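Peer 1: Chain by chain, the residues:
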Amino acid sequence: MMNCQEFETLLSDALGGELAERDRPVFETHLAECERCRLEYETSRAAVQSMRELPGPARVAVSREGDRLVIGPVSQSGAQLRQSFTQNLLRYAASVLIAFAAGYLVHAARSSGESPEMVAQGPKEHGHAETQLERPRESLRVTLAHTCGRGRSRAAIVSCMSTLFSASER
Amino acid sequence: MMSVSGKVFEQYTQDVYNWAYRLLGHHHDALDVVQEVFLRWDRQCHREMPRQPRGWLRRVTLNRVVDFLRGRQSSLVATNETQEPSSMKVSQAEAVDRAVLRADIQNALDRLTEQQRSVLIAKVYDEMSFARIAEELSLAVPTVKTHYLRAVRVVRDRLQRRWAKEES
Chain A
-3 MMNCQEFETL LSDALGGELA ERDRPVFETH LAECERCRLE YETSRAAVQS MRELPGPARV
57 AVSREGDRLV IGPVSQSGAQ LRQSFTQNLL RYAASVLIAF AAGYLVHAAR SSGESPEMVA
117 QGPKEHGHAE TQLERPRESL RVTLAHTCGR GRSRAAIVSC MSTLFSASER
Chain B
314 MMSVSGKVFE QYTQDVYNWA YRLLGHHHDA LDVVQEVFLR WDRQCHREMP RQPRGWLRRV
374 TLNRVVDFLR GRQSSLVATN ETQEPSSMKV SQAEAVDRAV LRADIQNALD RLTEQQRSVL
434 IAKVYDEMSF ARIAEELSLA VPTVKTHYLR AVRVVRDRLQ RRWAKEES
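Sequence order for the protein chains is A and B.
For the first sequence, our numbering gives the first residue as -3, with consecutive numbering after it.
For the second sequence, our numbering gives the first residue as 314, with consecutive numbering after it.
Note that these hints are calculated values from the structure, not bench results.
Computed from a prediction, not measured in an experiment: that's the story for all the values here.
Heads up, some of the hints might be wrong.
Stated by the list, open to error - Simulated crosslink set (SDA-like; lysine to any residue; CA at most 25 Å straight-line):
| no. | chain 1 | residue 1 | chain 2 | residue 2 |
| --- | --- | --- | --- | --- |
| 1 | B | LYS320 | B | GLN365 |
| 2 | B | LYS478 | A | CYS0 |
| 3 | B | LYS478 | A | HIS103 |
| 4 | B | LYS478 | A | GLU38 |
| 5 | B | LYS320 | B | PRO363 |
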């Protein structure tokens, strides 16, 4: 039967995850019999576990610039780059569409006698003025829905804009 | 052209950053430590290249971390955990818990000898075997085990104060 002093020689093995299989039965038997050693083991194991709970860092990329080491964020993987490319493409498409829509709105406003600023803010009777100031993209979408087209074509534009906006906002 | 010592350091830069970051919890502080360790490494290599570069770097990094913490003293808890990388965003409560835990572990590390610190970090975070640690630190395996047990107990004693407070 193991005494407490002998137990201590196995304690670091157990806490370090290196307890030999042949020592395990005698170690566990002592744990079951000795309250003091069991407490010692449990609290020490909890301490090691707590240390492991500290989050590790994100990976950094180490590169060389001449004789200097440069530490920076990890470069994106191929999949991330592809995803990023698609998002950028959608953002670009959204920008082009917005520019086109803005031009159309200005043109429509001039035709109907409204000033361009009023068109950018949207029709006041629809109560969008506050939203527009805080969320210009949203307001443009709303304004488009109100001003552009009717029926199916309007729905198509709104749907298209929603898709583009949600992609570019992601 | 980068020197041989620079190339060796490059190989272990991620490790140095990892040790520093995990214990300091702050990207920029970790980078400061990496830079200081690199300067020391460079000076050391002008005299003699360490035979166990990783062990040398771990020991010096941990010393720098402890020095850094002694210099910084208080105000660890609430300020630094808010700057986790975006991939690790956690709630405010979790961040505070981690900060308190980190402060306890930092406090415990400060009470350890250089070798005890190295053994503890090599075992807990680098998951090295006692035999490998002994080889890296040029120590006997039973000595490494003794250092480890002693270090774990110091950390445990520090954490137990908090556990006791949480229970009461």
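Peer 1: Please write out, lowest number first, the hints stated earlier that are contradicted by the structure.
Peer 2: 2 and 3
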